Each structure stands twice: as C-alpha cells, then as structure tokens.
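K.L.:
Using the hints provided, position chain B relative to the given structure of chain A.
Each protein sequence line maps, in turn, to chains A and B.
Mapped onto my numbering, the consecutive letters of the first sequence carry residue numbers 1 to 222.
Mapped onto my numbering, the consecutive letters of the second sequence carry residue numbers 1 to 116.
Be careful, since some hints might not be right.
In silico lysine-lysine, DSS-like type, Cα no more than 25 Å apart, as pairs [as the list claims (entries may be wrong)]:
| # | chain 1 | residue 1 | chain 2 | residue 2 |
| --- | --- | --- | --- | --- |
| 1 | A | K21 | B | K31 |
| 2 | A | K39 | B | K57 |
| 3 | A | K17 | B | K31 |
| 4 | B | K64 | B | K109 |
| 5 | A | K17 | B | K109 |
| 6 | A | K20 | B | K111 |
| 7 | A | K17 | B | K112 |
| 8 | A | K40 | B | K77 |
| 9 | A | K6 | B | K19 |
| 10 | B | K114 | A | K7 |
Going by beta-carbon spacing under 10 Å, a handful of chain B positions derived as facing chain A [stated by the list, open to error]:
| # | residue |
| --- | --- |
| 11 | R27 |
| 12 | F29 |
| 13 | L66 |
| 14 | G70 |
Listed next, with one range per pair, are the computed distances between beta-carbon atoms [unchecked claim]:
| # | chain 1 | residue 1 | chain 2 | residue 2 | range |
| --- | --- | --- | --- | --- | --- |
| 15 | A | I108 | B | L3 | 54 to 64 Å |
| 16 | A | E103 | B | F53 | 40 to 50 Å |
| 17 | B | I11 | A | K166 | 48 to 58 Å |
| 18 | A | G211 | B | K49 | 49 to 59 Å |
| 19 | B | T68 | A | K168 | 36 to 46 Å |
| 20 | B | T68 | A | P212 | 30 to 40 Å |
| 21 | B | A115 | A | E11 | 22 to 32 Å |
| 22 | B | E85 | A | E103 | 50 to 60 Å |
| 23 | A | K21 | B | L103 | 27 to 37 Å |
| 24 | B | K94 | A | E77 | 48 to 58 Å |
| 25 | A | K166 | B | L3 | 31 to 41 Å |
| 26 | A | E85 | B | I11 | 31 to 41 Å |
| 27 | A | V96 | B | N4 | 53 to 63 Å |
Note that these hints are calculated values from the structure, not bench results.
Predicted, not measured: the structure shown is a model, and the values here were computed from it.
Think of the CB as a built atom: it goes at the ideal place given N, C-alpha and C, for glycine as much as any other residue.
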Amino acid sequence: MIVADKKPVEEIIEFVKDDKKILILGCNECVTVCEAGGKKEVGVLASTLRMYFLNQGKDVKIDEITLERQCDHEYLEEIRDVADEYDAIVSIACGVGVQFMAEKYHSIPVYPGVNTCFLGATEKRGLWTERCQACGNCLLAITGGICPVSRCAKRILNGPCGGSSKGKCEIDSNLDCAWQLIVDRLKALDRLDDYEKICPIKDWSTDRAGGPRKVVREDVQI
Amino acid sequence: MRLNYPTSIKIIRVPCTGKVDVIHMLRAFEKGADGVCVIGCMEGDCHYKAGNFRARKRVEQVQKILNTVGIGGDRVKMFNLSSGEGPLFAKYAKEIHEKIMELGPNPIKLKKNKAA
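Next up, chain A with everything else stripped away, as it sits in the complex:
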C-alpha cells in the first residue's frame, strides 16, 4: 500500500488560515490502513481546525467527507455537487488523490494534509517499512523475494557491498543489509546457485528515470 504520514497541523493551518469554508476529504484505502488519512483522521483534523479557528475568533465552516478512494473518477464524482461550496479542500489522501482531486476540480484550491512516503507494508501497528520503489521491472524472482532496489541503500543488483557488516547496512546499524537477507533466503531455498549468476545491467527506463510513467492496457479498455 501507499504509506503516508500526518502533516504537522501548523502547516495545514497555514494553508487554510484565510478560508471561510473548508472541506476535509479523507480516503478509505491505503491512508486509512496507515492511520494518516481515513475517516478517523478526518474527524480529528476537522475538530482541531474548528477549535483553532474558534479560538482565533473566526467563523469558519469545516465539513468532513471520506471517499472510498480519491484515485478514481467515480468516487471523486460523489462530491461534484458540493465541492463548489468550499473555499478550500484539504485532502488527506496520498499525493495521487490530492492531484487527481486538483485536476478534477479546477476552481477550488486543494491542499495536502499528509506527506506521502513510500510503498510499504505494516510490520506492526505504528510501524511501516518500504518494500517497493515501483521500478517497473520486477527482479524479485531472482532475489528470493527480497527487493534490492527498495531495500538496499545503494540499489545494487550484485551485492552485498563492502558496507555490509554482520548482516546490517553501513548507513544504519539497525537496518538489515538487503543482500544479506537475499543470500540467507536463497540459502534457505537451496538456490544459492542463483546468487552466483551475475545480474545484467537493469533497464532503468521503466523507473522514474524515464520520466512520468503510464500503464496502457488496451485489453481492458472499453
């Protein structure tokens, strides 16, 4: 899922301090799971802003809506009739949701309420870690299911490097060396022969290096 973290409320206040009608828009997908932008967080942010403005002696109307998703036309259309009523929308979906929202509703400023961080997994409640960098050319089949692109600080494809020490990475003694994990995993799978094979130079054109990307699937287009 896409992992996001809450933006400091002071930053959000700065965005909307002059507005009179504000919509706080949440998303029921990834940001709900990582407890940054779901219905609950919409309620807390709205309540915080209401109290802030009341304390400032300002009469500001703050409404709360949480959509199923903010990255699909059909769900964003649900607020078509009400969106124009607001001076500003604070979207606490990921960066995709904020942008899709801004593309769809040109006349209303849309502000981000979270910082979108990475594609990751929930290790335990309150701890999310990166697992994928969406490089567009998946290598997991040859690395025993552990991604050197997202989990190795150097993104090296024939590791480990000299900075690997006792299974940890030189950038942080608490961070596992991805290549140590790969070797351990391949050993457990009895596939260490795969480790001996040199991984050829990766085609990075499918990564962000090739500019903004798109996936075109004519087979599912109508």
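P.N.:
Here is chain B on its own, set in the frame of chain A:
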C-alpha cells in the same frame, strides 16, 4: 465510604479506557468542556491487556493538539487507579477540578458564547 468529590465533574462510563479515542476527547472540548480527565486501571492491570496504555498515548496526542490550537494541553490528564481506591478517585477528582479552576474556562466556550 460516602466520599465527596467536586460536582463540576461529569462521569462518562466506558468499558475500558482503551475505548476512549482522540476524537472523543476533542469533541468534549469542542462542545465546551473545560477539562477532560481519563481515569484508567493501574498500568499492567488492564483486563484487555493494553487498553490503559492506548488511552495514555491518546491523551498525550490530545495534549499536543490542544497546545497547537491554543487551548492548553494541561486541560487533559490521565490518572490510573484500581476500582477499590475510592478515596484516591476523590483525590484525583479534586486535583483535576483545582487544576481546571486555576486554568479558567475553556476559551472556545467563551468565544462561542460571545458569537451567539
């Protein structure tokens, strides 16, 4: 025991302090409460294992939010006691009452009344 505690305190019963969420405390302040005091079981004695620890963290979150919006994080506090400690409950109730009296009314309530 027939103990007395300040009449300014309204008790809201919950199955466990783990049920008390950030939004519940914020709504209380939004509606004009001068203070919120969460009283949970002793740490380590939670029937649901971690309910009172969750509550403590949420109280800390609310304190931060209240400081940010300018109401003052001191208006919310968490206490721990066992169900057999009536006198301690009365003591804590008195303590929070005195603290709130010292801080004065919730500024939001004053502004709301002024606007109305």
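K.L.:
Next step is simple, just say for each hint if it's right about the structure.
P.N.:
Quick rundown of the hints versus the structure:
Taking the CA atoms of A/K21 and B/K31, the gap is near 20 Å; set against the 25 Å cutoff, the hint holds. Between the alpha carbons of A/K39 and B/K57 the distance comes to roughly 20 Å, so the proposed pair stays at or under 25 Å and holds. Of the supplied pair hints, the one linking A/K17 and B/K31 holds, its CA atoms being roughly 22 Å apart against a limit of 25 Å. For the hint pairing B/K64 with B/K109, the CA-to-CA distance comes to about 19 Å; that is within 25 Å, so the pair holds.
Proximity of A/K17 to B/K109 is assessed by CA-CA distance (about 21 Å); at most 25 Å being required, the pair is judged to hold. For the hint linking A/K20 to B/K111, the alpha-carbon distance of about 17 Å falls within 25 Å, and the restraint holds. For a cut-off of 25 Å, the pair hint linking A/K17 to B/K112 stands: about 19 Å separates their Cα positions. Annotation: proposed proximity of A/K40 to B/K77 holds, straight-line Cα distance about 22 Å (limit 25 Å).
Pair hint A/K6 plus B/K19 holds up; C-alpha atoms about 22 Å apart against a cutoff of 25 Å. Only pairs whose Cα atoms come within 25 Å are accepted, and B/K114 paired with A/K7 is rejected, the gap being roughly 32 Å. With a cut of 10 Å, the hint placing B/R27 at the interface with chain A holds, because the nearest CB-to-CB distance is about 6 Å. The closest approach between the C-beta of B/F29 and any C-beta of chain A is roughly 6 Å, which is under the 10 Å cut-off, so the hint is satisfied.
Interface restraint check for B/L66: the shortest CB-CB distance to chain A comes to about 8 Å, inside 10 Å, so the restraint holds. A cut of 10 Å between beta carbons decides the hint on B/G70: the least distance to chain A is about 5 Å, and the hint holds. Between A/I108 and B/L3 the CB atoms are about 56 Å apart, so this pair conforms to the stated range of 54 to 64 Å. Separated by about 43 Å at the C-beta atoms, A/E103 and B/F53 satisfy the suggested range of 40 to 50 Å.
Under the hint 48 to 58 Å, the C-beta atoms of B/I11 and A/K166, about 55 Å apart, fit the expected range. Taken as a hint, the range 49 to 59 Å holds for the pair A/G211 and B/K49, whose Cβ atoms sit roughly 51 Å apart. In this structure the hint that B/T68 and A/K168 lie 36 to 46 Å apart at CB holds, the actual value being about 37 Å. Checking the proposed 30 to 40 Å range against B/T68 and A/P212 shows it holds: the Cβ atoms sit about 36 Å from each other.
Remark: the range hint 22 to 32 Å for B/A115 to A/E11 is upheld by a beta-carbon distance near 27 Å. Here the CB-CB span from B/E85 to A/E103 is close to 59 Å, well matched to the stated 50 to 60 Å. Checked against the hint of 27 to 37 Å, the C-beta distance between A/K21 and B/L103 comes to roughly 32 Å, which is consistent with it. Judged by the Cβ atoms, the range 48 to 58 Å given for B/K94 and A/E77 holds: they are separated by roughly 56 Å.
Restraint check, A/K166 to B/L3: a C-beta distance of roughly 60 Å breaks the suggested window 31 to 41 Å. Distance hint check: the CB atoms of A/E85 and B/I11 are about 40 Å apart, consistent with the given range 31 to 41 Å. Checked against the hint of 53 to 63 Å, the pair A/V96 and B/N4 passes, with Cβ atoms roughly 58 Å apart.
Figure legend: structure checked against the earlier numbered hints; hints not met, in rising order: 10, 25.
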